[in-house]
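Novice: With the hints as extra help, turn the sequences into a complete structure.
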Amino acid sequence: MPEKPDAPRDAPRPDVVLEARDLSKHFRVRRTLRSIAERDRPVVHAVDDVSLRLRRGTVTAVVGESGSGKSTIARLLAQLYPATSGELRLSGKPVRAARGKSFRAYCRQVQLIFQDPFGSLNPTHTVRYHLTRALRIHGRAGRTAAELEQALTELLGRVHLTPPDRYVDKFPHELSGGQRQRVAIARAMAADPKVLLADEPVSMLDVSIRLGILNLLRDLKERLNLAILYITHDIASARYFADETLVMYAGRMVEGGDSETVTQRPAHPYTQLLIGSAPDPDRITGAGEEPGAGDATEGGEAGGEPPSLISPPPGCRFHPRCPMAMARCRTDVPPRFDLADGQWAACWLYDGTTEERPAPQEAPA
Amino acid sequence: MSSPAVLDISGLCVDYGLGDSAVHAVRDVSLTLHRGEVLGLAGESGSGKSTLAYGVTRLLSPPGVITGGSVRYHPRAGGSSDILDLEPDQLRAFRWQEISLVFQGAMNSLNPVHTVRTQLTDVLQAHRPGMSRAERTARAEELLSLVGISSDRLASYPHQLSGGMRQRVMIAMALALDPEIVILDEPTTALDVVMQRQILRQLTRLRRELDFSVVFITHDISLLIEFSDRIAIMYGGRIVEEANAKDIYETALHPYSDGLLHSFPALHGPRRELTGIPGSPPDLKAMPAGCAFHPRCPKAFEPCERRVPELLPLTRAGGDTPPPGGADRTVACWLHADH
Ligand SMILES: Nc1ncnc2c1ncn2[C@@H]1O[C@H](COP(=O)(O)OP(=O)(O)O)[C@@H](O)[C@H]1O
Ligand SMILES: Nc1ncnc2c1ncn2[C@@H]1O[C@H](COP(=O)(O)OP(=O)(O)O)[C@@H](O)[C@H]1O
Ligand code: SF4
Ligand code: SF4
Ligand SMILES: [Mg+2]
Ligand SMILES: [Mg+2]
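Chains A and B are the protein sequences, given in the same order.
Under our numbering, the first sequence has 19 at position 19, and the numbering climbs by one with no breaks.
Under our numbering, the second sequence has 90 at position 90, and the numbering climbs by one with no breaks.
None of these hints come from the bench; they were simulated from the model.
Where a beta carbon is used, it is the ideal one built from N, C-alpha and C, also for glycine.
Please note: incorrect hints may appear among the correct ones.
Unchecked claim - Here are some of the chain A residues that sit facing chain B, going by a computed Cβ distance under 8 Å:
1) Asp-206
2) Gly-212
3) Glu-305
Specialist: Here it is in structure tokens:
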């Protein structure tokens, strides 16, 4: 994959900390009578052939609609369950199926935070309990009570919950949503990880609070040189916050590149649909025009919906909805084609035999 | 504003609970919906948007009580009535027929044991006793096709439909009796953006073809600006600013509206500076005195923590040139009022 274009020329290439190569995850689903009769073992193709690299001091966004496989990627990278196939590499070394000690060592370096800070914090325990426990697990609680207190103060300061004594003895329900998410981030930071996997970290928060959390994550990235995976369904936030953006559709990665390029000049027809559909206040319609005219699926009943992942469409998974679909899209899975400036798209339109770039569905305002 | 009012909300107050423990969820709200417009209502969660929608349609369930105000409805035929004065049987006729509400999470409230046909025809049967069975089915088919669903889905049960389709069934149901006003409370919040856009596009078209007025509620301010003609911003149970969508987008006068507009990143155009809003939304049980926003307001000054600013037309534009839409907007902030 080519270099990121906007990296300063003299800066060394940021190190890859965590890499996924051709990861797939298939979930067995409950067998129906028919599948038993037909000796079928139905599986959900949650993620197929996903490759990505998380670099030091870099935010990589994975954008996609619900069900596209984003959380599955986060959980695979966190080793919460094994991949069906493919490989994980941490700091260049292949990661073995993780158990016991080696799993703890992996977790110390790769931490995951979730969408719902309510669900991830135990309501019967205080902030102090959650953070102390995390520090102990990772052997960073110090030897004395004073050292522990010092570590707690540092952690809370790192997520801007200051002064610490205002927060440390609170229960989760005594905190606002944004403060709870800060505690969840502090708990992840207790491990002093190299990689932070953030699965929709702001989706459940109020608009006015989101920015503060994203800015905090950016601050951690910069000060601690963290590699961050930022999972979101909001592509505008990826533009704002992520250096690189990857787009998922129905379990496959369909486009990638630096965030500005992917959001301003989307190459893959699905990314174009996604961007054409996103709310955009610069396109004020009011009573008059149709909001965002111009996708191929207007009115079509099934047109707006991603396919079943139990029997995903052969070839390009977007072909049933794609206005540009060609014959081979229905049979052959498109590989990644490299475009200019480090952008790539898994789409037959860029096979080289086709010179022209399809017009984006929405001209940027 | 050129078109006449179809709904006039004046001084509406809604509490949850009674006496000292009452939570004032909607406080002295006055708002006008003009015929044919989309009025957008924005605000963070807990600001009282849904409560306002339930209050206006008299669908509040206990402990919710309307404690004051009026909601005047002006039918095309002329005359007007206060919805808060209607007797229960008048109210039943009124809902669906004059005003219908697609409430938050509605797509999960379809009855799982009945088909789409049954649920659509039940509404027709209750309100149009003269219709024959065949006419009801024909109308149900027509309604589905209005929202882009093919009529063979009439026989489906809710669980056989995707979220987007269920939500469209709810919208079809709200349109069943040709209401004058449709209130949509977070109609697309649970849906992905592609489906959201399809539904909103359909609604825009239907609104033009069927000529109803819309109150559109969402916490997604970018969506609201794009889709509404006018916008009202709620904070802590009150309307703090109301203006044309374009005017508020270009020049928000209330510091809270301004903060909201600088809280979300834009997808296109130059990368705007984002400031967000410090602090957290207020707790209705312990509302700050004076302007409820003052603990978070970067511009708070002397009168703010003492007196509640009223929602008033602009008297002072903060200096030299009046802001766009100046004659046609209201704001509740001491920066823009005499104090
Ligand atoms: N544990 C599981 N068992 C079976 N199917 C699953 C499981 N987890 C996820 N899936 C399915 O995998 C697909 C991708 O899910 P997910 O990764 O959660 O997507 P996203 O996070 O993008 O919404 C969905 O079809 C989902 O239903
Ligand atoms: N049934 C209820 N009982 C008590 N309080 C309620 C009830 N419903 C809502 N509230 C309170 O009223 C306030 C406004 O809620 P709501 O109208 O749902 O806001 P929004 O729709 O803007 O998120 C919130 O503080 C909420 O906690
Ligand atoms: S590969 Fe074919 S079907 Fe898929 S996005 Fe490209 S043109 Fe469309
Ligand atoms: S009244 Fe005062 S505190 Fe309230 S928004 Fe205006 S300036 Fe800020
Ligand atoms: Mg997910
Ligand atoms: Mg609500």
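Novice: All the hints need checking, so say for each whether the structure fits it.
Specialist: Hint check results:
1. Asp-206: This interface hint holds because 4 Å falls under the 8 Å limit.
2. Gly-212: OK, holds: A:Gly-212 within 8 Å of chain B, min 6 Å.
3. Glu-305: holds (6 Å)
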